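> Chains as they are written, first to last, in our numbering: chain A, 15 to 551; chain B, -17 to 217.
Just so you know, the hints here were simulated from the structure itself, not pulled from any lab data.
Computed from a predicted structure; not experimentally measured.
Take the hints with a grain of salt, since some may be wrong.
As the list claims (entries may be wrong) - Some chain B residues flagged as far from chain A (calculated, every beta-carbon gap over 10 Å):
id	residue
1	P147
2	V150
3	M160
4	E215
Said to hold, decoys possible - Each computed DMTMM-like pair below joins lysine to aspartate or glutamate, with the alpha-carbon atoms no more than 20 Å apart:
id	chain 1	residue 1	chain 2	residue 2
5	A	K297	B	D106
6	B	K45	B	E113
7	A	K302	B	E50
8	A	K396	B	E113
9	A	K407	B	E50
10	A	K544	B	D36
11	A	K288	B	E69
12	A	K544	B	E69
13	A	K396	B	E92
14	A	K300	B	E92
15	A	K297	B	E50
16	A	K302	B	E85
17	B	K48	B	E66
18	B	K100	B	E53
19	A	K300	B	E103
20	B	K97	B	E159
21	A	K108	B	D146
22	A	K192	B	E155
23	A	K544	A	E511
Claimed, not checked - What follows is a list of derived Cβ distance ranges for each label pair:
id	chain 1	residue 1	chain 2	residue 2	range
24	A	I165	B	N18	32 to 38 Å
25	A	I259	B	E113	46 to 52 Å
26	A	V133	B	E69	51 to 57 Å
27	B	V52	A	K540	32 to 38 Å
28	A	I165	B	V(-3)	29 to 35 Å
29	B	D106	A	K439	24 to 30 Å
30	A	L428	B	E37	48 to 54 Å
31	B	V52	A	D441	45 to 51 Å
32	B	N(-5)	A	P117	56 to 62 Å
33	B	E113	A	I526	43 to 49 Å
34	B	E113	A	F213	47 to 53 Å
35	A	L421	B	E85	38 to 44 Å
36	B	E113	A	I148	43 to 49 Å
37	A	G210	B	V(-3)	56 to 62 Å
Cβ coordinates follow ideal geometry from the N, Cα and C atoms, glycine included.
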Amino acid sequence: MKRFFSLIKASMTEGMNLFKISTKKNSKFTKIGLPIFLSLVLMGIMYLYADAMMEQFAPVNMHFVVLTLFIILTSVMTVIEGIYKSGSLLFNCKDDNLLLSLPIKRSTVLFIRVFKFYVFELIYNSVFLLPSMIVYAEYVKPGIVYYIVSIVGLIIFPIIPILISCIIGTIITFFASKFKGKNFVQTVITVILLLGVMFFSYNSDNLLANLAKNASSINDFITKLYYPAGAYIELITKFNAIKFIEFIGINLGLFIITIFIIGRVYFNINSSVKSIKRSKSNKNYKIKTLTPMRALIKKEFNRFINSPVFVTNAGFGLVLFIIGCILISIKFNNISDMFTQKNINISLEMITSHLPTLFMGFICFTSFMTSITSSMISIEGKSFSILKSLPIKPCKIIKAKVLTALLIMLPCILIGDMVVFITFKFDLLSIVLILVASVLLPLIAETIGIIINLKYPRMDAKNDTEVVKQSMSSTISVFIGMVMIGITIFLLYKALEAGISNIAIMLIFIGIYAVIYFGLEVFLHKTGDKSFENIIV
Amino acid sequence: MIEIKNVTKKYGNNVALKDVSFNVNDGEIFAFIGHNGAGKTTLIKAIVGIHKFDEGDILINGKSIKSEPVECKKEMAFVPDNPELYEQMKAIDFINFICDIYEVPQDVREKNIKKYAKMFEIEDKLNDTIESFSHGMKQKIALISALAHDPKILIMDEPFVGLDPKAVFDVKEIMNEMIKEGKIIFFSTHILDVAEKLCSRVAIIKRGELVKVGNMQEIKGDKSLEKVFLELEGE
């Protein structure tokens, strides 16, 4: 047992170094304070959101609905994220050789991997769930049982979502490992699956209606929809010790059974993932000459497309943008209905007449949620020393990374633009301004991303997931993106309300963005090379 | 010529290199030896521009690595001890990438890649991705990419680790060939027999301080290099 805890401790020390920053000067604030600050800000936003929802449900004495919604949404988010995280968190890890050579059971190795995954999700889930639980306590003033059940609930809620994503991730990895280009196959299957999940969610009205029809009460409906949420609500409203033990037992039992089942195939799949399918002996290799910049871009692109988690993280938003543009074009009335409900002060006429401006907001959302460069330095890992030893200025390497990100993003954004332009027949000036925004916004997002990654690199990650999803750089980047989106949408709304014309709004925003970009470019020019050289591998 | 002038490098309070000074002349094979953690890799990384250093300077053919890093790096090639290459790239693409950055003309790279790939018996593996390679094969790819641009100075950190005997022999041959052309080979090693037979000069580093530097014959006298090294380390 002591050995087991030593392994867990070692694994956690390595893997949980979520915000490890390898720049020269590590202040206590950036090491500990900044992650805590960002988490608190996010929790504050969730608190406000939960409180606003509670105001709607409290008068009808249905406080628990807020908790249910938060639990279900967090669980769905964990499953979706977990599907593309699990592949690289469970398989082909850099410490496989070390752990597998130690005198420990192989199932212990799998347990450590899943447990590490669980602890990450527990932290993320807590950031989203805890505020809603606090809001509930403020409104309902429950007894001590609520707090006990909620603490146990917080610990238990991530279990089923991560088990689902582990099973799906294992199946995807198993199929992908049969192919030579397994990374590419894994990426394609994951994206298709995620789109399938979204399609299913979009068309799940019938299923939900059927469930609701057959459910004798709201709580029964919730239990049928998602057992942990239903069981938890039942326990906090009508505590029953046996049901409480049942709640814990079912979740832990599922955890053990799933580990056992995956354990039966895990090591075969892991070996298969590690075994490289070499091409047949072939002396006909191509020697091609490229300019240094094109060579750097090719290298960056190669790294990007060979990382399923990197592609899925960035590509998913871009694919959704295109799908969103198609949906706007073919189902405009349904989507505009969502915004013209009585609680939102937007009219259909306003949406139709200001579509170019609103579409620019959509481009802004996609750009800031797709930060590729925020991982592009960290993803180099130990091979970063190759770049540092090459006779090329750091600013060119940085530029190549930003250009690669733009080359990935721009085609998708432009495809979306074209679909909307053709459908809604925008005037020429609007088209030109949207095209300018389509270049400028990703450029700002990617410049911010590279600045953050240069400031907060993570060069010792065990896998790509740690870089793309669990690093300080990607967290800050998402946070800044959310702030930029929030400010933009708020200002767009205010400008529309004030009756400013489309063209004027777009011109003002493009002007502001151009100034922001200019400022960022100057900052990057001044500090980029130095930050690059300060990164220690 | 490499001129290392009073180089000091600190990691926080820990002094990794303390006032290190010596020169490596054209046409020399220079061995740099020391225990694990003595500061060999730190100095090598400082020479090739990977690590910054706190005091002193390093001149590569008269140019400072601090003020003219790109110009200095153009003259050099570096082979690291643990070749952390771009795993997802095909071997040939990696070599091409390095050649592109060094702006090696097509005819020169074709000649060199073919020559060294054949020498290291890896021609039929160049279309494979690097992740499928063993440590030794990666080391061969790192060597080919370093040699493909005809560097004037070849800097290697433990170049023989992981290489098969034939490849070790080939590397030694390449080194001898290069010094005949007046080029510089500077490498760290723990294989003292090789250093003794191959090198004209040697430097011994201990806990970040240079304890001996000079002509191989002067340093070892009648003893073996191994014996001299162990005596110095014991002091």
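> None of the hints should be skipped; say for each whether it holds.
How the hints compare with the structure:
| no. | hint | verdict |
| --- | --- | --- |
| 1 | P147 | 23 Å, holds |
| 2 | V150 | 23 Å, holds |
| 3 | M160 | 19 Å, holds |
| 4 | E215 | 28 Å, holds |
| 5 | A:K297 <-> B:D106 | 4 Å, holds |
| 6 | B:K45 <-> B:E113 | 37 Å, violated |
| 7 | A:K302 <-> B:E50 | 29 Å, violated |
| 8 | A:K396 <-> B:E113 | 14 Å, holds |
| 9 | A:K407 <-> B:E50 | 10 Å, holds |
| 10 | A:K544 <-> B:D36 | 14 Å, holds |
| 11 | A:K288 <-> B:E69 | 13 Å, holds |
| 12 | A:K544 <-> B:E69 | 27 Å, violated |
| 13 | A:K396 <-> B:E92 | 29 Å, violated |
| 14 | A:K300 <-> B:E92 | 9 Å, holds |
| 15 | A:K297 <-> B:E50 | 39 Å, violated |
| 16 | A:K302 <-> B:E85 | 12 Å, holds |
| 17 | B:K48 <-> B:E66 | 25 Å, violated |
| 18 | B:K100 <-> B:E53 | 30 Å, violated |
| 19 | A:K300 <-> B:E103 | 17 Å, holds |
| 20 | B:K97 <-> B:E159 | 14 Å, holds |
| 21 | A:K108 <-> B:D146 | 25 Å, violated |
| 22 | A:K192 <-> B:E155 | 42 Å, violated |
| 23 | A:K544 <-> A:E511 | 45 Å, violated |
| 24 | A:I165 <-> B:N18: 32 to 38 Å | 48 Å, violated |
| 25 | A:I259 <-> B:E113: 46 to 52 Å | 48 Å, holds |
| 26 | A:V133 <-> B:E69: 51 to 57 Å | 28 Å, violated |
| 27 | B:V52 <-> A:K540: 32 to 38 Å | 19 Å, violated |
| 28 | A:I165 <-> B:V(-3): 29 to 35 Å | 49 Å, violated |
| 29 | B:D106 <-> A:K439: 24 to 30 Å | 58 Å, violated |
| 30 | A:L428 <-> B:E37: 48 to 54 Å | 52 Å, holds |
| 31 | B:V52 <-> A:D441: 45 to 51 Å | 49 Å, holds |
| 32 | B:N(-5) <-> A:P117: 56 to 62 Å | 38 Å, violated |
| 33 | B:E113 <-> A:I526: 43 to 49 Å | 45 Å, holds |
| 34 | B:E113 <-> A:F213: 47 to 53 Å | 34 Å, violated |
| 35 | A:L421 <-> B:E85: 38 to 44 Å | 22 Å, violated |
| 36 | B:E113 <-> A:I148: 43 to 49 Å | 47 Å, holds |
| 37 | A:G210 <-> B:V(-3): 56 to 62 Å | 58 Å, holds |
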